[in-house]
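Trainee: Protein chains in written order, with the numbering used here: chain W, 1 to 924; chain U, 925 to 1377; chain H, 1378 to 1570.
Source of the hints: derived by calculation from the structure; they are not laboratory data. Please note: incorrect hints may appear among the correct ones.
Keeping only pairs whose Cα atoms sit at most 30 Å apart, straight-line, the calculated DSS-like set for lysine-lysine is [what the hints assert, rightly or not]:
{"id": "1", "chain 1": "W", "residue 1": "K862", "chain 2": "H", "residue 2": "K1557"}
{"id": "2", "chain 1": "U", "residue 1": "K1078", "chain 2": "H", "residue 2": "K1461"}
{"id": "3", "chain 1": "W", "residue 1": "K581", "chain 2": "W", "residue 2": "K263"}
{"id": "4", "chain 1": "H", "residue 1": "K1557", "chain 2": "W", "residue 2": "K33"}
{"id": "5", "chain 1": "W", "residue 1": "K686", "chain 2": "H", "residue 2": "K1557"}
{"id": "6", "chain 1": "H", "residue 1": "K1557", "chain 2": "W", "residue 2": "K888"}
{"id": "7", "chain 1": "W", "residue 1": "K200", "chain 2": "W", "residue 2": "K888"}
{"id": "8", "chain 1": "W", "residue 1": "K190", "chain 2": "W", "residue 2": "K200"}
Derived Cβ-Cβ restraints for the label pairs, each shown as a range [claimed, not checked]:
{"id": "9", "chain 1": "H", "residue 1": "W1515", "chain 2": "W", "residue 2": "R851", "range": "15 to 25 Å"}
{"id": "10", "chain 1": "U", "residue 1": "I1067", "chain 2": "H", "residue 2": "P1545", "range": "53 to 63 Å"}
{"id": "11", "chain 1": "W", "residue 1": "R563", "chain 2": "U", "residue 2": "T1259", "range": "22 to 32 Å"}
{"id": "12", "chain 1": "W", "residue 1": "G640", "chain 2": "U", "residue 2": "F1296", "range": "40 to 50 Å"}
{"id": "13", "chain 1": "U", "residue 1": "F1296", "chain 2": "H", "residue 2": "H1520", "range": "29 to 39 Å"}
Beta carbons: idealized from backbone N, C-alpha and C, even for Gly.
Residue strings, one per chain:
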Amino acid sequence: MTEFGRRHLMQLVAASAALAGLSGCGPSETPEKMTPRVDQAPGETAGEASYVATAVVQEGFATGAILQHRMARPVKLEGNPDHPASLGAADAPMQGTVLDLYDPGRSAAVLSGGQIADWNRLALALAEKRRQWSKDGGTGLRILTGSISSPSLAAQLAALSQQYPAARWHSWEPLSRDNVAAGARLAFGKPVDALPQFDKADIVLGIESDAISAAPGHLAFARAFGARRRAAETGSGKMSRVYAIEATPTLLGAAADHRFALKPAEIELALRAIAAAVDAGPAEWRGSERPGWVDAVARDLAAHHGAALVHAGPEQSPAIHALACAINAALGAPLRHIEPVAADAPGLAELAAEMHDGKVETLLILGVNPAYDAPADLGFVEALKRVALSIELATHVDETAQLATFHVPALHMFEDWSDARAFDGTATILQPQIRPLVPGHSAPAMLALLAGTQDFSARDLVQDTWRQRVSGDFAAAWSGWLRKGVVDNTAAADAAVTLRRDFATALPKPAQTASALTVLLRPDPFLRDGAQANNGWLQELPRPFTRLTWDNAALIAPATAGRLGIASEELVDIARGGGKKVRLAAMVLPGQAEGVVTLSLGYGRRAIGAVGEGVGSDAGVLRVSTAPWQADDATLHATGQTYPLATTQQHQTMDGRDIVRTFSVDDLPKAAAAPERASLYPPYPKGDNAWGMAISLGSCIGCGACTAACQAENNIPVVGREQVMRGRAMHWIRVDRYWSDDVANPGARFQPVPCMHCEDAPCEVVCPVDATVHDTDGLNVMVYNRCVGTRFCANNCPYKVRRFNFFGYSGRDPRPAMSWNPDVTVRDRGVMEKCTYCIQRIRETKIAADRDNRPITDGEAKTACQQACPTEAIVFGDLNDAESAVRKRKASPLDYALLEELNTRPRTTYAAHVRNPNPEIKEG
Amino acid sequence: MTAIEPAPVMLPGQDLATIDRAVGDAVLRPATPLWWWGGFTIAVAFTGLFILAVEYLFIAGVGIWGIDIPVAWGFAIANYVWWIGIASGGTIISALFYLTQSEWRSAVNRIAESMTLFAAAAAAIMPILHLGRPSFFYWLFPIPNTMGLWPQFKSPLLWDFFAILAYVTASVLFWFLGLLPDLAMVRDRATTRGSRVFYGIAAMGWTGSHRQWRLHKSAYGLLAALMAPLVISVHSIVGLDFSGGLLPGWHSTQFSPFFVFGAVLSGFATVLLLVIPLRRLYRLEAFITQRHLDLLVTFLLLCSLLLAYSYFIDALLPFYGDDKFERATQLHRFTGDWAWSYWGAWSLNVVAPQILWVRALRRDWLICLIAFGVVVGMWLERIMLVASSLYEDFLPSSWGHYVPTLWDWLILFGSAGMAAAGFFLFLRYLPVLAAYELKEILPPPSRHGESQG
Amino acid sequence: MVFVIGWVGPSTGWATRVGYPVNQPVPFSHQHHVGGLGLDCRFCHTTVETSATAGMPPTYTCMTCHSQLWTNADVLAPVRASLKTDQPIEWVRVNQLPDYVYFNHSIHIAKGIGCATCHGRIDQMPLTEKAASLRMSWCVDCHRDPRPNLRPHDAVFDMGWQRSKDTPSGDQLVAQYHIKGAAELTSCSVCHR
């Protein structure tokens, strides 16, 4: 391909900009090299983007993705519209996988005892073992993987257990959904996955639900959920009503019309009362002293038989899940029950026990990191020392790598063939996107090594797995699956379930631990279990509620903080009954239940790479296998020291200003004719298109996918904790979070704020060099190479969406030059930047259309934020096109401009936040 | 009642010779006084710090300062406005009072103008340091270029660029033109060859011929007539730098006069601060009399009252009108992060000077103290205007803070050192009084006898 | 004085490199291949009509002929080496734009801008050299009024083409190609992203 050199110069944009700026000192310009291929790759157009379907596998589940390739490099990940788990959306961790691929911290060599080792040493060691296993059937051989949905990997494991009957496979998922399965067993006698169908749900009750934030399929759930929340605003169908009962804020809770913050112990009682009220349980469950709202919620649920559902988060107890199942059964809730997608295997506890007993001679650890995230009580680290030969396959030299006999660098999921299933069972073939950037190995390759398979190829494995499942032309089917990113009709069939008769009696009595302080251990919204901790994008992405970056904190309700005399940013020691203690800064967070402290997992990595090491504190040390999500016997001590937290939002309320408008669905505003406003300056010349954006606050769930997508698309550098603290985060679209003025139980209001692209832009008139101007499409464009950095535009922007390169952030960013998006200028030190409505995408579309003299069709040009948004809260398009989606959105009477009294006439407008409260309920 | 006889503009007993001696010998005397060395060394030390700070600034970028989003402007802008304000003092005295033919100016205008010169120089540097990419400052020049682009003429920053350019150029010319005859005088009195050559060249062949004097007078008059409006315009436009923005606390129609008042106030304060010690050190009591101090103090008080009016209006309007943003910002100024700078400005610029209404209290040291207070107070006002409008504006989500770093302070004090160093050089090597103008206002000999009698 | 240098200096050939031949790993002669043999531009620069970049020929393109002709010529040694070692030939860029300028060949071809308009008489260059300054002012001149540089479609790749009396006028071509007005063509976002 041509213009290889362009990539290299990307880094040196500073230099070239300076040269060009000094009106070109000709000869001194470094001559670029042009490097064509030796042989043209078929179907490749030099200099144009190509798109390749694959999937991202997280916690065992696949989400369809399409990677945009520039010059044969994947530079941007999009969701796959044809994939049921994505529907075109992509969450932040997914977006981050592209940066993981290029992570300079990736392990690139086989290690033994911390030293670089020869691969053959490992091969020989295993050959030795194979001889022995063929005799004793693999006694003492154990394989540890994460949760697995890959058919080919499962097949491989099955074959292996045929070959070595005595060998065992264990699976360990630090963020397991075991409680969901356990609950299903209690209710139905067998584990099933229940898939909520929010499109059919008039009433939703979330029990600290992760349905729209993290559950497998959450993007699809969020899409349906958002559509129902937007119903009033688009006048299409009936708006759903959402209740949330939770101890710590969730995205679903934030979107709820009524949110009740309860302690974990109270949650089960409340749910039992509701169950009783909807005849899903015995009357005595109703309890005597239950809060008034319980009956109201129950009545509302019962009144919507067949259109009301309950969803509980994976951290909830099996009992709560069982209750949810029972209530759903009683309500005839719109759910699909399917056989579990992830293959079942004995867990880590059993393995650890065997290791302690010295029964394990050879342990193969595939892509999990128990030395970091195994529950404390298992003593995994000690156990591992008793294993003669332990081999770890991992992308980074992590905590386990330092203990294992051998560490083998793993290939990234974009570097080899494999397959995986989505939340609903739909399978996807993962195809390699790029030649391996490190000399790594894949999990199937390692298993093949155990089996002694000669010249193994992952591609053959996957093809063999699927060949027997199609009749007819396999090659055609295969290429079809690859192109579409989905294997046709592989979705799981419905599973019939009936509630156990003895369900009510079988249910364990509710635990009566009335402790003063309960500590909740929850996955970080973006780092999840910490596997992606070396990812700067995810570290710097503000957490939805705390707006915190580069740290985890002890989240405490204002009342509790007052009671304990703790202020935000004060360091506290938290320990579980005399066990190991974790020290981290407290943060007062409205919406926390009284007496509940939440810590997020995934931080305090001791070994992973320069970016992630030592960021935050490892709350995992508080986990025990019996209670991985919660510590009732926790103690908290204030140390008196303080530690500054890097948050991107200093002020938490709207101060009574008209920023996020909220209406009740019962009294929506009538359409008001907008007065034509005057301006002193002549209007800029109008062109063919008038780009505009509409953001629906009612359906924005605050997940941050837009910010992540923007960062990936627009080469936005990571600035680091210290710079974030100094108010220099670079995100072009931020998601503001305001607490509503209800002091007792404030609701969160999310508001994505990109550049408003004002028609009378205050930034433009104050720039002395015309570096920010209007183009004929009405875009407020920022010309980096013309900017001298007076920063008046940033001062004069009432929305404060402009970002300034106070330092050469792009140059400091550790990512390799090849990973930047060549279609977007990498900004130099000292220049202003901001959201461009993804001008590069607009221009690509315009040129394509202009080339063959046709108009641009609606949706042809999508902004990165719009594309990633799971709920379709963001719509972008041409305001000149009467039929465009954005025109329709803006026609809503709920549509308003932020700070419209300033007469900036923004092209980005908002649809007011609509709520659907239950008139019977006053609180929450 | 008896009218108070104003102190004379010049003490009796002066004639052409005494003036030349007083002015000329100070320059030519071989021995440099100790106080000069002391002051000069300190000034140079700070200049060194300034150079260091600027070096590091250019290497590392403006990120070394405390500025952030939302507070994208900081010390650099405040310093700029402050310095250019100080500079105005000299121009007002020498140009405005020249036009009004007030003879008392002759004794102090040289000192004032020189002060203007170095203050304006310090001011002129600041906007360039402020830029994110200082190497491209010249893009503000409307010159033909390979990009085929013009600057953006709607921007107050561009007007400012022109205003300051014109102001500094005119100031230099005005100062030098006034200096010519005295340079010639020094040249003629010079004893050593070196100084004769130096001042000879500097004097550019001034012979004092009638023709030269005529040309000089008209040229000087013209420049004065040019400078007087310039000094007003430059500060009005500096005011527009702020009121051109839509921010609460900036977007105000009174900023232009407001800035002029403040500028002149700080100008007079600085002149007082320099004149009082100098008349002692140079034994110039004969020429710079109590009369001068009284006049300067009077103007100081006048400006202080005008400024008080502006402060009052600025604080009143938000509550008179009903712009909630304006109100919030005003309250932040009263009580917010930067309230100390707001109240500091009030007390140092408005309250403290009022003491000087009491003639009896007009002791040199007290005047100096208050004048110094005003200089500090005016800087507080500038930084207050910059920071307090920015750190909490429209959307609470983007409210922030502004914490200056060591480098901010180095730039501020360093620039002061630089200006001072320049001024010390002037003191040593150039005539500190406009000798030829003093000669013009010598009392006629006839009055000697009376005053002696 | 400074202004004069700053004004004139950048426009000198020395600064713009116009007319300075560039040494290449292989002394490829457009004069011979285009002028002499009459190869069409698109024979090597295959993507010029469809992509932002004109496209540089892969080694195989060279070898379509040179596996038969001049198989032992020393000047072609690098080409044969490239094929043997599967290592691409590194050509030196002649027309270099800063990275913040996004030029698109395909749209210019589609709108009837001839190759020679920017690249000059390539068919007369033994060693390829820059033919235009490629300064912003130079680009903008044409974007302000493209009419003088518009050609009928069939003349786009014609090196020696001259306007004749029966060539459609600039205005006719503007209408035919649906070329936007100056305001739109000079929007910053047309070239800078």
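Trainee: Could you work out which earlier hints the structure fails to respect and list their numbers in ascending sequence?
Mentor: 2, 4, 10, 13
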